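**Student:** Listed below, chain by chain, are the residues.
There are 2 protein chains.
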Amino acid sequence: MKERAGGSGFPAGRGEILIEGVRHRGRTVDVYIDGEGRIAAIGREAGRRSGREAETRIDGRGQVLIHSLVNTHTHAAMTLMRGYADDMPLQEWLTTKIWPLEAHLTGEDIYWGTKLACLEMIRTGTLAFNDMYFFMEEAARAVGEMGLRATLAYGFIDLGDEGRREKEIRATERLVSVVKGMANPRIRPAVGPHAVYTVSPEGLRWCADFSREEGISIHTHLAETEQEVRDCVKMHGKRPVAHLDTCGCLTERTVAAHCCWLDRPECTLLAARGTSASHNPTSNMKLAVNRAMPYPWMKEAGVNVTLGTDGCASNNSLDMFGAMKDAALLQKFAWNNQTVLPAPEVLHMATEAGARALGIHAGRIEVGAPADLVLISLAKPQMTPLFSEESNLVYSAAGSAVDTVICDGRILMLHGVVPGEEEILSRASKAAAALVGRSVI
Amino acid sequence: MKERAGGSGFPAGRGEILIEGVRHRGRTVDVYIDGEGRIAAIGREAGRRSGREAETRIDGRGQVLIHSLVNTHTHAAMTLMRGYADDMPLQEWLTTKIWPLEAHLTGEDIYWGTKLACLEMIRTGTLAFNDMYFFMEEAARAVGEMGLRATLAYGFIDLGDEGRREKEIRATERLVSVVKGMANPRIRPAVGPHAVYTVSPEGLRWCADFSREEGISIHTHLAETEQEVRDCVKMHGKRPVAHLDTCGCLTERTVAAHCCWLDRPECTLLAARGTSASHNPTSNMKLAVNRAMPYPWMKEAGVNVTLGTDGCASNNSLDMFGAMKDAALLQKFAWNNQTVLPAPEVLHMATEAGARALGIHAGRIEVGAPADLVLISLAKPQMTPLFSEESNLVYSAAGSAVDTVICDGRILMLHGVVPGEEEILSRASKAAAALVGRSVI
Numbered sequence: 006m007k008e009r010a011g012g013s014g015f016p017a018g019r020g021e022i023l024i025e026g027v028r029h030r031g032r033t034v035d036v037y038i039d040g041e042g043r044i045a046a047i048g049r050e051a052g053r054r055s056g057r058e059a060e061t062r063i064d065g066r067g068q069v070l071i072h073s074l075v076n077t078h079t080h081a082a083m084t085l086m087r088g089y090a091d092d093m094p095l096q097e098w099l100t101t102k103i104w105p106l107e108a109h110l111t112g113e114d115i116y117w118g119t120k121l122a123c124l125e126m127i128r129t130g131t132l133a134f135n136d137m138y139f140f141m142e143e144a145a146r147a148v149g150e151m152g153l154r155a156t157l158a159y160g161f162i163d164l165g166d167e168g169r170r171e172k173e174i175r176a177t178e179r180l181v182s183v184v185k186g187m188a189n190p191r192i193r194p195a196v197g198p199h200a201v202y203t204v205s206p207e208g209l210r211w212c213a214d215f216s217r218e219e220g221i222s223i224h225t226h227l228a229e230t231e232q233e234v235r236d237c238v239k240m241h242g243k244r245p246v247a248h249l250d251t252c253g254c255l256t257e258r259t260v261a262a263h264c265c266w267l268d269r270p271e272c273t274l275l276a277a278r279g280t281s282a283s284h285n286p287t288s289n290m291k292l293a294v295n296r297a298m299p300y301p302w303m304k305e306a307g308v309n310v311t312l313g314t315d316g317c318a319s320n321n322s323l324d325m326f327g328a329m330k331d332a333a334l335l336q337k338f339a340w341n342n343q344t345v346l347p348a349p350e351v352l353h354m355a356t357e358a359g360a361r362a363l364g365i366h367a368g369r370i371e372v373g374a375p376a377d378l379v380l381i382s383l384a385k386p387q388m389t390p391l392f393s394e395e396s397n398l399v400y401s402a403a404g405s406a407v408d409t410v411i412c413d414g415r416i417l418m419l420h421g422v423v424p425g426e427e428e429i430l431s432r433a434s435k436a437a438a439a440l441v442g443r444s445v446i
Numbered sequence: 006m007k008e009r010a011g012g013s014g015f016p017a018g019r020g021e022i023l024i025e026g027v028r029h030r031g032r033t034v035d036v037y038i039d040g041e042g043r044i045a046a047i048g049r050e051a052g053r054r055s056g057r058e059a060e061t062r063i064d065g066r067g068q069v070l071i072h073s074l075v076n077t078h079t080h081a082a083m084t085l086m087r088g089y090a091d092d093m094p095l096q097e098w099l100t101t102k103i104w105p106l107e108a109h110l111t112g113e114d115i116y117w118g119t120k121l122a123c124l125e126m127i128r129t130g131t132l133a134f135n136d137m138y139f140f141m142e143e144a145a146r147a148v149g150e151m152g153l154r155a156t157l158a159y160g161f162i163d164l165g166d167e168g169r170r171e172k173e174i175r176a177t178e179r180l181v182s183v184v185k186g187m188a189n190p191r192i193r194p195a196v197g198p199h200a201v202y203t204v205s206p207e208g209l210r211w212c213a214d215f216s217r218e219e220g221i222s223i224h225t226h227l228a229e230t231e232q233e234v235r236d237c238v239k240m241h242g243k244r245p246v247a248h249l250d251t252c253g254c255l256t257e258r259t260v261a262a263h264c265c266w267l268d269r270p271e272c273t274l275l276a277a278r279g280t281s282a283s284h285n286p287t288s289n290m291k292l293a294v295n296r297a298m299p300y301p302w303m304k305e306a307g308v309n310v311t312l313g314t315d316g317c318a319s320n321n322s323l324d325m326f327g328a329m330k331d332a333a334l335l336q337k338f339a340w341n342n343q344t345v346l347p348a349p350e351v352l353h354m355a356t357e358a359g360a361r362a363l364g365i366h367a368g369r370i371e372v373g374a375p376a377d378l379v380l381i382s383l384a385k386p387q388m389t390p391l392f393s394e395e396s397n398l399v400y401s402a403a404g405s406a407v408d409t410v411i412c413d414g415r416i417l418m419l420h421g422v423v424p425g426e427e428e429i430l431s432r433a434s435k436a437a438a439a440l441v442g443r444s445v446i
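Protein sequence lines correspond, in order, to chains A and B.
To get the numbering used here, take the position in the first sequence, counting from 1, and add 5.
To get the numbering used here, take the position in the second sequence, counting from 1, and add 5.
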């Protein structure tokens, strides 16, 4: 057996793992993970077929196995602002609550806020996420330690000011250089032009060029509110999708969050450019954006639609199971149709489509794929009875049903235990309290 | 110390309980519960002040204490149909999936389905619920054993047929007699006229008269869909609220579920009659009823607005934390206003307003009140940081944060352990599979 860290019974690193007797797509299978973190065999007696003894064995009986969930839009360190201000008019909330806190954020805050976010994601089965915020070098350090996959973008905001743009360019270049220097295959840099209303056309063009040169993703907000669309037409003579396209930002490497206020031609253009959309139903309802992402049009056009939670200031949870249920509910309600966005499509959004958007891997459980796996306990009332894995996962499971997670072949949570949890909760709490102390005069 | 059942460390019945060092409304308090299941003292050192030794001590440090949640609309035994059929057009779903199963339900099914529902509710902090279904004597037996509070109604459906009406009257009378005969103060009977489109005016009038004579509640569905309103106006020349009123069904003892398609005068009439509304946001979105309950009008009129999950066929969860979040999200989205239904109002709906609707007690934690208490663990990422108990409870907690529950002075779950859970999961699973086996030819 593998050397174990401390007395916790927790495997210290990567090594062969055999998951025995787990339920997957209605069958009972074994899954063998090799020492490189890849799935080497799936099926009855995959362990025996491999002809060797696994260093770690996980009893998968009474569990269902799914691919890890992929959160394609969040601001991870905003966990520090969870519950700090809710139920307020949008502008007042931003100007009197959120922005004053953000003005006082430090790298240390980002580190502990991102660790708290990673802890919450691990506990709820999300092992890859698309992040945009500040002090992202500290986010990279946190993600590196926590063992998840992340695509990290600095939130580029020039407000049309050339001096500010130069600073944002330097900050973006620095982040990309730092992350590339880490040479951690789980962590990738991205360019993060915040939105068409906060970044000038020049800034957007620089982001597009730089992302192409570096071969990295673009992460942006798009068509979240009606105001954004109106202002964009007024300022640039075009709706936001066309404007982004003109500036070169609509690429196959782009993830556009929200996409609430799109018309049909905009859906078609996103599809034509191969740009992925991140649906954020919980945030959109909480912030009352007054329109649901037009999923039926997106689906018809062939857009790669993925799922995100948004940050904790506007959700207030990073549990993708909650986002999955909210997506299914909101789409049905908004389109007045019980059949829109059925459970299997929601799961596809939250796994394969998300993985494709971030270009990380197939997002499927198959031989040769990286082992990004989530085991969900069936011995729970909300998983009983089990007529449909998909329905229970989307409509009743909730993230708390997650028992064990494996990312890139490393066990990050084993039977509900995440090493170091207590310190993260304590340090993040203190960082949040101190942040408010510094910000409120 | 109290005698404990088996080797589980679980208190066998009622007895003095001292909860020490728990957080409640921003303070740290002790709570002393007397042998009659009532709160005898709250405050610093409530235990010492009582001058006696509690039989059971619960360490409340790192926990927040709230009143138990009250689910004012469900069909508990429909847990057996969880995930059996989803994402289908409403009529096809009812006629090809739900009704065929319901035609084959047995008393034994209701017993195990209700036990499963009670287990899920205990785990997620709901200790009182308003139930309407069939074979309710078996539901009463299940609730009696599980230790929750419930108001149980037989779903009265005469479809305008006199013979059928007579049968429904007998079934209703039988249930009321059986439940009264149990003499269990936690379990109350109610009259359950299903809806204006399934019960004749004669049936509604009988329900109104009988509920008045017996001094028991009325539980009905109201204005769930636009079709219901249209058909009611066509058949009875009145909108549903006025029609119910004409038939005597709008009383202070009435809980009307859904209330999506109300106009302003209907809200005013509900308020004038003292009738409670049960908001069911999750079900309303999943079944695409195309309108959210007009909460701002209800609030303005002074209606007692409560919260429900609906049954597991249309939700598919009984977690009231999910319903709380969905209510806050849906109302904001539907009214295009971030300030509608803030977290403290949601908590009020789910506790005090619910308790008032069911006439059970104050629904508040105060000296002299029955001890219906829920302890929620703060050592969770979703409860960190803790700027606002209300915000975290509504927007991020989820039912899985519930650690310990006490109903009427009896501990039903202690640190996540509910006695007998394994048998309930196993028996309910088997009952669900057998039900489908009998129904599908």
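Just so you know, the hints here were simulated from the structure itself, not pulled from any lab data.
Be a bit skeptical, because a hint or two may be false.
Restraint ranges, calculated between C-beta atoms of paired labels, are given here [unchecked claim]:
1) A:P105 / B:D236: 32 to 42 Å
2) B:R432 / A:T344: 47 to 57 Å
3) B:M187 / A:T101: 33 to 43 Å
4) B:R369 / A:H420: 32 to 42 Å
5) B:M93 / A:T33: 26 to 36 Å
6) B:P94 / A:E113: 33 to 43 Å
The model shown is predicted, which means the values in this text are computed figures rather than measured ones.
Just so you know, even glycine gets a beta-carbon here, dropped at the ideal spot from N, CA and C.
**Student:** Compare the structure with each hint and give your call.
**Tutor:** Quick rundown of the hints versus the structure:
The given range of 32 to 42 Å is broken by P105 of chain A and D236 of chain B, whose C-beta atoms sit roughly 54 Å from each other. At about 33 Å, the beta-carbon gap between R432 of chain B and T344 of chain A misses the expected band of 47 to 57 Å. For the pair M187 of chain B and T101 of chain A, the supplied restraint of 33 to 43 Å is violated, since their beta-carbon distance comes to about 55 Å. At about 38 Å, the beta-carbon gap between R369 of chain B and H420 of chain A stays in the expected band of 32 to 42 Å.
Separated by about 28 Å at the C-beta atoms, M93 of chain B and T33 of chain A satisfy the suggested range of 26 to 36 Å. Against the hinted window of 33 to 43 Å, the Cβ-Cβ separation of P94 of chain B and E113 of chain A comes to about 54 Å, which falls outside the hint.
In terms of the numbered hints stated before, the structure departs from hints 1, 2, 3 and 6, listed from lowest to highest.
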